[in-house]
Amino acid sequence: MTDSTLDAEPSRLNRLARQIAAMLFSLFITFIGLLAVTFIIARVVPIDPVTSILGERATSAQIEAARLKLGLDKPLIEQFGIYVNDALHGDLGTSIRTKQPVVQEIKRYFPATLELATLATIIGVLIGIPAGVLAATKPGSIMDQLVRLIGLMGYSMPVFWLGLMGLLLFYGKLGWVGGPGRLDANYDMMAQFQVTAWTGMILIDTALAGRWDMFANAISHIILPASLLGYLSMAYISRMTRSFMMNELGQEYITTARVKGMPEGRVIWVHALKNVMVPLITVIALSYAFLLEGAVLTETIFAWPGLGRYITDALLVADMPAVLGGTVVVGAVYIFINMFSDLLYRLADPRAR
Amino acid sequence: MTMASSSWSTWLREPNPASRLQSRLVQAWLSWLRFRRNPLAMIGLAISVALVLMSIFAPLLAPYDPIAQALGNRLLPPGTPGHWMGTDDFGRDIWSRILFGSRITLYIVLLVILTAPVVGLIIGTVAGYFGGWIDQVLMRITDIFLAFPKLILALALVAVLGPGMVNAVLAIALTSWPPYARVARAETLTVRNSDYIAAVKLQGAGAMRVILGHVMPMCLPSVIIRVTLDMAGVILTAAGLGFLGLGVQPPMPEWGLMISAGRKFLFEQWWVATMPGLAIFIVSLGFNLLGDGLRDVLDPRSSGR
Numbered sequence: 001m002t003d004s005t006l007d008a009e010p011s012r013l014n015r016l017a018r019q020i021a022a023m024l025f026s027l028f029i030t031f032i033g034l035l036a037v038t039f040i041i042a043r044v045v046p047i048d049p050v051t052s053i054l055g056e057r058a059t060s061a062q063i064e065a066a067r068l069k070l071g072l073d074k075p076l077i078e079q080f081g082i083y084v085n086d087a088l089h090g091d092l093g094t095s096i097r098t099k100q101p102v103v104q105e106i107k108r109y110f111p112a113t114l115e116l117a118t119l120a121t122i123i124g125v126l127i128g129i130p131a132g133v134l135a136a137t138k139p140g141s142i143m144d145q146l147v148r149l150i151g152l153m154g155y156s157m158p159v160f161w162l163g164l165m166g167l168l169l170f171y172g173k174l175g176w177v178g179g180p181g182r183l184d185a186n187y188d189m190m191a192q193f194q195v196t197a198w199t200g201m202i203l204i205d206t207a208l209a210g211r212w213d214m215f216a217n218a219i220s221h222i223i224l225p226a227s228l229l230g231y232l233s234m235a236y237i238s239r240m241t242r243s244f245m246m247n248e249l250g251q252e253y254i255t256t257a258r259v260k261g262m263p264e265g266r267v268i269w270v271h272a273l274k275n276v277m278v279p280l281i282t283v284i285a286l287s288y289a290f291l292l293e294g295a296v297l298t299e300t301i302f303a304w305p306g307l308g309r310y311i312t313d314a315l316l317v318a319d320m321p322a323v324l325g326g327t328v329v330v331g332a333v334y335i336f337i338n339m340f341s342d343l344l345y346r347l348a349d350p351r352a353r
Numbered sequence: 001m002t003m004a005s006s007s008w009s010t011w012l013r014e015p016n017p018a019s020r021l022q023s024r025l026v027q028a029w030l031s032w033l034r035f036r037r038n039p040l041a042m043i044g045l046a047i048s049v050a051l052v053l054m055s056i057f058a059p060l061l062a063p064y065d066p067i068a069q070a071l072g073n074r075l076l077p078p079g080t081p082g083h084w085m086g087t088d089d090f091g092r093d094i095w096s097r098i099l100f101g102s103r104i105t106l107y108i109v110l111l112v113i114l115t116a117p118v119v120g121l122i123i124g125t126v127a128g129y130f131g132g133w134i135d136q137v138l139m140r141i142t143d144i145f146l147a148f149p150k151l152i153l154a155l156a157l158v159a160v161l162g163p164g165m166v167n168a169v170l171a172i173a174l175t176s177w178p179p180y181a182r183v184a185r186a187e188t189l190t191v192r193n194s195d196y197i198a199a200v201k202l203q204g205a206g207a208m209r210v211i212l213g214h215v216m217p218m219c220l221p222s223v224i225i226r227v228t229l230d231m232a233g234v235i236l237t238a239a240g241l242g243f244l245g246l247g248v249q250p251p252m253p254e255w256g257l258m259i260s261a262g263r264k265f266l267f268e269q270w271w272v273a274t275m276p277g278l279a280i281f282i283v284s285l286g287f288n289l290l291g292d293g294l295r296d297v298l299d300p301r302s303s304g305r
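Residue numbers (our numbering), protein chains in the order written: chain A, 1 to 353; chain B, 1 to 305.
Extracted from the complex, chain A is given alone in its bound form (with noise of 0.2 Å):
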């Protein structure tokens, strides 16, 4: 945008600029509702966070001493606001297993998620706009029933079920796909000493490298769980995009188009659809939020070092920091993601403005 468009609408500027505004303040409001909800239940926790760092043994001296260190003897009112204002300045505890800070350990598998969540996204979106279109322009027809019943297995299928029967089929009666894991095991050793990982993405982190012999090796291991993964997104968008596009469908200016004699592949796939995209906008960001909370089984099913592997293998030793870390991180994730989305909604259609 011009200066001059700038001065032209000062108060379509200023309007939006309140807007995200209150956005923000309400996505700190949230935050702070987050960070309530895991204290509590961290407060509540029937392990005694200083015996489960010193163990059974601890003298009382010892004791007393941790507590002080923790400010566990201070107010439930003071601990908590130490707790935001640490989560706010990027401290989320010690990992009681590890030793480690937790936000340094969530940075190492974070990457993990991420890639695994976009990728089934774009399978989600490529495979499910296009089948939700084709359903709406036939209401009824065999490809409607195909997309409702294909879609409504999807939202009955056990993700972690799915991720089995992936790996006995396409893994070990078909050899297909590589096993568990983010590479096969000879190159894991080698990944570590000769990609550099700038984004902890291995296809990202391999092709910069210029390994295209790790990179094909990487795919061959993301493409099942991604594929899954996406299989339910698509699930979900192809329902929505059916139903927005139906709606379309039966606006005035598409009857227009029509009369006018336009083809009707370009009132479907270029009139109708641009304006579906605005609010499937929202949908996807919904999805890919949803992906990442798919992710916490399908990780463990593949041997995947992502996030949600990193929170249920805490869990299984009650190491409750890095459980709560994780928990606040993918909540903050997905806060940001629907905020996000929000204001995309509002940018795209005016009048939502």
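Hints may contain errors.
What the hints assert, rightly or not - BS3-like mimics (lysine-lysine), calculated; alpha carbons at most 25 Å apart, straight line:
1. A:Lys-274 / A:Lys-260
2. B:Lys-264 / A:Lys-173
3. A:Lys-107 / B:Lys-150
4. A:Lys-138 / A:Lys-260
5. A:Lys-99 / A:Lys-69
6. A:Lys-99 / A:Lys-74
Claimed, not checked - Only some residues are given here: those of chain A computed to face chain B with a beta carbon under 8 Å:
7. Gly-33
8. Ile-41
9. Tyr-155
10. Met-157
11. Pro-158
12. Met-165
13. Gly-172
14. Leu-174
15. Asn-275
16. Val-296
17. Ile-311
18. Thr-312
19. Met-320
20. Val-330
In case anyone wonders, no lab produced these hints; they're calculated from the structure. Heads up, the beta-carbon is just placed ideally off N, CA and C, and yes, glycines get one too.
On the provided structure of chain A, position chain B as indicated by the hints.
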């Protein structure tokens, strides 16, 4: 016999009902006729009814004890005489375990749908009816819970409460009430200022009576639709918790737990993990089809979606 049934069906089609009961039954009958036209929804209904029958008659239907071990019959493949779904690593008949597992599944679903919607209904109607700061506070709390990814919050709660069926139910219920509160609040806002509410108030009814007797019933249809659509989600979450070892504990035949037990020998004895997963898939598909069909009938506004 035919006489009686035809007089019943004319009574059920009567356009000018004589009593309140008749008018309601006519409505229900018409909805049923519309529902019956949808084959997918009828399949969903059949699956749901089958699940209920399975769980009631499990002791009669199951050929073996679901828990007693028979180590001589370890890991028999499907199709073995007497064990058409095969046996698991303790020699237990998988079909018998699935039959008894349906009781656990149904029990969890019932507990969740008896608690979460009620909590949501109370919070939503109170917030919508009183408005003002009560509304602000309650809806803020609802938004915060909605902001959490459900499964992760349930995981954190079970981690704190300790594994087990009751705690799993509690965790699922605590994470699934917010959407109900949203729905109930929206419905409450639309009826709050209507004349009949004003009439009840003028007769001297207190807030409690208005909410319980005159607002909540108006919210019920939308809540019921959500419940049927949510049941599959509850089953999947419960199975997920069981799979991670955080829900129902062994040796109980919970389906998610059975999958996790079969994971160890997935590539050699594929049936141990496959069969219970099929059960989960069929049952949740049934609930989803049922909910989808019910919505088309009860909520014509969103039909075709």
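Taking the hints in turn, this is what the structure says about them:
A threshold of 25 Å between alpha carbons decides the hint, and for Lys-274 of chain A with Lys-260 of chain A the separation of about 19 Å falls inside it, so the pair holds. With a C-alpha separation of about 16 Å, the suggested pairing of Lys-264 of chain B with Lys-173 of chain A holds against the 25 Å cut-off. At most 25 Å may separate the alpha-carbon atoms for a hinted pair to count; Lys-107 of chain A and Lys-150 of chain B meet this at roughly 22 Å. This hinted pair checks out: Lys-138 of chain A and Lys-260 of chain A have alpha carbons roughly 21 Å apart, not beyond 25 Å.
For the given pair, Lys-99 of chain A sits about 16 Å from Lys-69 of chain A by alpha-carbon distance, which is consistent with the 25 Å threshold. The hinted pair formed by Lys-99 of chain A and Lys-74 of chain A meets the criterion: a straight-line CA distance of about 24 Å does not exceed 25 Å. Proximity of Gly-33 of chain A to chain B holds as hinted, the smallest CB-CB distance being about 3 Å (cut-off 8 Å). Satisfaction of the interface hint for Ile-41 of chain A is found here, the shortest Cβ-Cβ separation to chain B being roughly 5 Å, below the 8 Å cut-off.
The beta carbon of Tyr-155 of chain A is positioned within 8 Å of a beta carbon in chain B (closest approach about 5 Å), and the interface hint is therefore held. Checking Met-157 of chain A against chain B: minimum C-beta separation of about 6 Å stays under 8 Å; hint holds. Look at Pro-158 of chain A: its Cβ gets to within about 5 Å of chain B, closer than 8 Å, so that hint holds up. Of the supplied interface hints, the one on Met-165 of chain A holds, with its beta-carbon coming within about 7 Å of a beta-carbon of chain B, less than 8 Å.
Below 8 Å, beta-carbon pairs count as interface contacts, and Gly-172 of chain A has one with chain B at about 4 Å; its hint therefore holds. The interface hint given for Leu-174 of chain A is violated, since its Cβ lies 12 Å from the closest Cβ of chain B, which is over the 8 Å cut-off. Against a cut-off of 8 Å between C-beta atoms, the interface hint on Asn-275 of chain A is violated, since the closest Cβ of chain B lies about 17 Å away. The interface hint given for Val-296 of chain A holds, since its Cβ lies 6 Å from the closest Cβ of chain B, which is under the 8 Å cut-off.
The closest approach between the C-beta of Ile-311 of chain A and any C-beta of chain B is roughly 7 Å, which is under the 8 Å cut-off, so the hint is satisfied. Interface hint status for Thr-312 of chain A: upheld, as the beta-carbon distance to the closest one in chain B is roughly 6 Å, under 8 Å. Below 8 Å, beta-carbon pairs count as interface contacts, and Met-320 of chain A has one with chain B at about 7 Å; its hint therefore holds. Taking 8 Å as the C-beta cut-off, the interface hint given for Val-330 of chain A holds, the closest approach to chain B being about 5 Å.
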